[in-house]
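Keeping their order, the protein sequence lines are chains A and B. If you count by the numbering used here, then the first sequence holds residues 1 to 415, one letter each, in order. If you count by the numbering used here, then the second sequence holds residues 1001 to 1371, one letter each, in order.
Hints were generated in silico from the structure; no laboratory data involved. Be aware that a few hints might be false.
[Unchecked claim] Footprint (simulated), chain A over chain B, 3 or more residues, beta carbon under 8 Å:
1) 1060-1066
2) 1198-1208
[Claimed, not checked] Computed Cβ-Cβ distance ranges for the label pairs, DEER-style:
3) Ala1190(B) to Asp293(A): 58 to 64 Å
4) Arg1264(B) to Asp241(A): 33 to 39 Å
5) Ala1359(B) to Pro378(A): 31 to 37 Å
6) Ser43(A) to Trp1337(B): 55 to 61 Å
A quick note: this is a predicted structure, and the numbers were derived from the prediction, not measured. Ideal Cβ placement from N, Cα and C applies to all residues, glycine included.
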Amino acid sequence: MESDDMRDFAAEARRFLDAHVAKAPDRTALTWGEGDDSMAYFSSLPLEEEREFVQRAREWQRIRHENGFGWITGPVEYGGRGLTPVHDLLYDAIESEYDVADTGVLSVIGLGMIGPTILAHAQPRIKDRWLPAMYRGDAIACQLFSEPGAGSDLASVATRAVREGEDWVLNGQKVWTSVAQHSQIGLALTRTNPEAPKHRGITAFLVPMDAPGVEVRPLRQMTGGADFNEVFLTDVRIPDDHRLGEVDGGWTVALTTLMNERATVGSEGVGPVAAALSPDHLSALMRATWTWDDRALRARLAELLVDVLATEHLNARALRRLRAGVAPGPEMSVSKLMYGQNLTRAAHFVSDVLGPRIIADTGQWGTYAWTELLLATPALRILGGTEEIMKNILAERVLGLPKEPVTAAAKEVRP
Amino acid sequence: MTADESELRELRAAVREFLEAKSPEEAVRKLMESEPRFDPAVWSQAADQLRLPGLAIPEEYGGDGFGRVELGVVLEEMGRALFCAPFFATVLLAAQALLASGDKEACARLLPGIAAGRTTATLAVAEDHGSWDPAMVSARAVPDGDAGWTVRGRKCFVIDGTTADLILVVARTVAGPTLFAVERDAAGLAAEPMETLDATRAMARLTLDAVPATLVGAEGAGGRIMAKVLDIASVGLAAEQAGGARRCLETSAEYARARHQFGRPIGSFQAVKHKCADMLVQVELAEAASREAARLADEGSPDFPVAATVAHACCSRAYMIAAMENIQVHGGIGFTWEHPAHLYFRRAKSSQLLFGGPAVYHERLLDRLGI
């Protein structure tokens, strides 16, 4: 069933990975009470360690790039490989079997979403300057889209950009900006025409994050760590060649970015997530807490595992289709929804198993550590498109249900 | 034999075309209230034109030797159409029990008739308590002193029990639960139809009063045979459930696009839209779970028993949710006798609990996972 091209590509990827890194350790097979019991979904590292972490990510991206896997879908003239998104997903799935540095800080937003947007809409000098740097691991990019008044309703952005000679001057506030603290560039959506209907008065700019007037402030989240930021833009001066797309044509640019949100097939099997969804780990936890014979908890464990294993089957089938060169259907969106729901249910199930041990730290291995995952799970139903927006997309694109009519009030632009 | 993707599509299209012609809603409604609950002429056509009964029976026993993946495609379509036919009992219960018994003589004698569609068959395990666990069987078999056996006892929830030509019965001997073959017209066998929640699947209560029977497989092997049969039959059931759930989703989405209230299609309201998206999630999971289990069965994978239980649990829940929400999306019209939604609701609930329901399959999953 696998096409020859895909088989050759997969073999090449494995040769590269075998030559550079080891296979990932199996965290589902851990022995109870031994090793690392961290369940941190988001990093909560001190800044110094965080910088080392980012440095390792850059280093691995450089090695990938030198071996032809840094930008699989990119055009050859900018250092890409010129292959299809299916190759890209296949590579990700194969790489997830190996113990490589986590490059999420570069890849999720920057390489996955901003890179393709620059390629599609930026002016030639910007492409030459930034694309090779990004895919070599030198430049990290962030997405300056959301604002306090523009979350799911992104077209309501109010950050202003005003023309001054050859430049534009930006003023406003962005929020929920992941990796801004490590970024060299950010893609900003700004309002350039407050008179036009809200989707038609937006312009996109590439903002050098070291430009005067750009201020990044960490935003502490409910886990206690600070993965994302607020970004304040105060009289930030940007040359016109940093504009992407047409003046007032920024919505098209934004759509390119949003369409490139990367699918997550094959990337669930690592780290704390593997333990949280592992039958062996969860049963070991129940035995260690003397709850294995509780019939109500056993039934809930089984219900949870049915969803976890069915989701794995969904991913396995999508992956097999990819290997055969078939583009994925709605499995990816369903998988994303289930991923958030399964981890949320696992965290609450384990909390109920642990009882008081999750409200205060007894020092027992593998118990209070679950607070880290428990506190992270609400984010999984929000980030990358809230559950509600994801369901709208599934219903409209897959089932063909009509969009909600736009009311007159919704067409107005916020001041 | 294994079909590739395009052959599977062709198979699906052929079965769908056949069922749309032979088993439209009017036909299903008519058969629900008749005896037998299937149309023998249509059953013959399914056998002669499409060779469905023999599809997954090995070639040495007169079948076409395809696998569970192909069988799954057929069952999804049958579930979608609520096809009233002795297919499930004959092919997924009786034929699988014969194959699982390893009794080559019995297979050679009985399977060719099943494969050709001449013989309908069923499997009688559960008794008044409804459990399919062979350890719960109290029907007894004793040697008749002449190389044969006689069986005494009562069986319940026997699918197609009033019409099947061949009845495989699990009864207890001194060696433990054991499989026997009983002919429809055997002396001492009485069958009475049971009223069923899902009228598209006929069930009967059997009384066996010293009924002559033939041993199938080894004496005392009933437990091992049933473990295999239940895995395979529950994956077949899962395919039917996934097909039914997909149909409920399609019906709901179609209605949500067409039905207007407050001057707009109800599918443009998020409350309805999200309900349909939730159904889609369930249906996608159900199809993945049932198809993956079928694939693992064909590969002889050690992961099959876990996957079989996951498919059974996942598809049972998905179908029930889809059937319930289908009625909700339709509103009052969905609650009427004339609307087909209740037929799917009845089938969904009945299928979910046929082999014992969540209380049984949740424990089975933990057991199969070896945790």
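- Message: Please list, smallest to largest, the hint numbers that this structure does not respect.
- Response: 1, 2, 3, 4
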